[in-house]
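Make the full structure from the sequences, and use the hints.
Protein chains: 2
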Amino acid sequence: MEARSASENSPGVPSAPQGRPRRGGYRRLPVQQRREQLIEVALELFAARPPEEVSLDDVAEAAGASRPLVYRYFAGGKQQLYEAALRSAADELTSRFSVPRKGSPTEQLAAVLDRYFDFVAEHDAGYGALLRGGSVVETARTSAIVDEVRRAALRRTLRHLGVRQAGPRLTMLVRSWISVVEGASLSWLDEGRQIPPAELRDWLVDQFVAMSAATAVHDPQTAQVLAGLLALEEPDGPAPALVERLRALLAAQPVVR
Amino acid sequence: MEARSASENSPGVPSAPQGRPRRGGYRRLPVQQRREQLIEVALELFAARPPEEVSLDDVAEAAGASRPLVYRYFAGGKQQLYEAALRSAADELTSRFSVPRKGSPTEQLAAVLDRYFDFVAEHDAGYGALLRGGSVVETARTSAIVDEVRRAALRRTLRHLGVRQAGPRLTMLVRSWISVVEGASLSWLDEGRQIPPAELRDWLVDQFVAMSAATAVHDPQTAQVLAGLLALEEPDGPAPALVERLRALLAAQPVVR
Chain C
1 MEARSASENS
11 PGVPSAPQGR
21 PRRGGYRRLP
31 VQQRREQLIE
41 VALELFAARP
51 PEEVSLDDVA
61 EAAGASRPLV
71 YRYFAGGKQQ
81 LYEAALRSAA
91 DELTSRFSVP
101 RKGSPTEQLA
111 AVLDRYFDFV
121 AEHDAGYGAL
131 LRGGSVVETA
141 RTSAIVDEVR
151 RAALRRTLRH
161 LGVRQAGPRL
171 TMLVRSWISV
181 VEGASLSWLD
191 EGRQIPPAEL
201 RDWLVDQFVA
211 MSAATAVHDP
221 QTAQVLAGLL
231 ALEEPDGPAP
241 ALVERLRALL
251 AAQPVVR
Chain X
1001 MEARSASENS
1011 PGVPSAPQGR
1021 PRRGGYRRLP
1031 VQQRREQLIE
1041 VALELFAARP
1051 PEEVSLDDVA
1061 EAAGASRPLV
1071 YRYFAGGKQQ
1081 LYEAALRSAA
1091 DELTSRFSVP
1101 RKGSPTEQLA
1111 AVLDRYFDFV
1121 AEHDAGYGAL
1131 LRGGSVVETA
1141 RTSAIVDEVR
1151 RAALRRTLRH
1161 LGVRQAGPRL
1171 TMLVRSWISV
1181 VEGASLSWLD
1191 EGRQIPPAEL
1201 RDWLVDQFVA
1211 MSAATAVHDP
1221 QTAQVLAGLL
1231 ALEEPDGPAP
1241 ALVERLRALL
1251 AAQPVVR
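Quick note, the sequences are listed as chains C and X, same order. Sequential numbering from 1 applies to the first sequence in the numbering used here. Sequential numbering from 1001 applies to the second sequence in the numbering used here.
To be clear, the hints were calculated from the coordinates, so they are not data collected in a lab. Don't take every hint at face value.
Some chain C residues close to chain X (C-beta under 10 Å, calculated; not the full set) [what the hints assert, rightly or not]:
1. L173
2. S179
3. A184
4. D202
5. L204
6. A241
These stretches of chain C come out as covered by chain X in the derived footprint (C-beta under 8 Å, 3 or more residues) [stated by the list, open to error]:
7. 163-172
8. 211-225
Glycine included, C-beta positions come from ideal geometry on N, C-alpha and C.
Here it is in structure tokens:
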């Protein structure tokens, strides 16, 4: 909504001549650029510490700006800045859900998970605070942003599986697997990243196959989706390998009836 | 902390004679009983609507009490009342995690899940608001209460599995399965309870077995736990049945290498 050409001391009003020395020695930036810079700085701070431990002064200082200047851009203060930062992070995360064109279905899933875990690793404390809720800057609006990301993940995953109209069991399966991705990433952060990210990614792909298999034994739609997915796999890909290993594991269990 | 014998108009001070007519026609209750009643009424209201749509006046009205009286018990207002209600709900939920002595491991797990879903069904909107976060009465304290419940679920499940010291992979598996239980219950509420609760429970038990199997192929500790669990199962129980069905499903997939 702000004019891109305006200067920051009075957004919307034509800027004073560039290069003139400013009070306080702060660096002058064009409006849009400053706005983006403030969001970026805020994101970094919210990633490093829980949101309740980040003050507007911290943001101003890290941005090389004054507190009144931050307020000029975010009149709603920390809450508004947090929401803008969250929206920016949510957009970035959602953009990572786009599935590469190359590879088998599980290779594509693995590529998306790699990008997801890069994001988790970058945003660390901020990611945790976000998913866990309960931060003091958490509201119904921030919650809606997070829910939107989850819905986007559900839509993308179903589209990736070639599903147009998911029944309640397939929907529950995919939503639950998305919960596993969230839960595993939080657990990974909490436990000090003990498990290598590549192993975690492979584990999540395996979980997807195993959870689908356990659902497929009762739900025809999931059975069809799983069969379609396995048919597209490379013979030496992770899904056939898991199928083989599960076969061996199950064969080792005592046969019943 | 309050004396059980005190009356409510001045908690901590001996009560006026019982049975005397009161101003405003409100019913008089002993202090502890009134406190419990207010929490119970608040829980019902928070279960029926998102917490931000429940006012202290609503609580007072539903309890047959005045607003000042509610403030006398909960000087911190709605926030304090919400936390007390949440604490009470969390204690109730945690108490349902106790595993019955009878039955195979999966029968015991199913019994715990039945009690869990009774709780979800009773608390409905309140349960959703709680797990999703983002309610206006959500704080670091309420978040800590929810995290405590999750940690209790993790501890109980590991104890149930006979695990003393869980490695990072087994911990991640159990935490992830708990995320599945949460995600599935939210999905179940959101999708209008289309799936019968008994089917949902059986599905979650199956997911536990399948997720354990997929983890067991790479993690010796999980393999040991799963083998121990399956050894205790009844031949006609859900875990052997799933193992059989998975075998059949996997056998139907094209054999690789």
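To see whether the hints hold, each was checked on the structure:
A least Cβ separation of about 9 Å between C/L173 and chain X falls short of the 10 Å threshold, and the interface hint therefore holds. Interface restraint check for C/S179: the shortest CB-CB distance to chain X comes to about 3 Å, inside 10 Å, so the restraint holds. Against a cut-off of 10 Å between C-beta atoms, the interface hint on C/A184 holds, since the closest Cβ of chain X lies about 5 Å away. For C/D202, the shortest C-beta to C-beta distance to chain X is roughly 8 Å, which falls under 10 Å, so the interface hint holds.
Because the closest C-beta pair between C/L204 and chain X is about 9 Å apart, less than 10 Å, the hint holds. For C/A241, the interface hint holds, since its Cβ comes within 10 Å of a Cβ in chain X; the closest pair sits about 8 Å apart. Counting residues of the segment 163-172 of chain C whose C-beta sits closer than 8 Å to any C-beta of chain X gives 4, which meets the bar of three, so the coverage hint holds. Against chain X, the segment 211-225 of chain C contributes 8 residues with a C-beta closer than 8 Å to a partner C-beta. That satisfies the three-residue criterion, and the hint holds.
Violation of the numbered hints given earlier is absent; every hint is satisfied by the structure.
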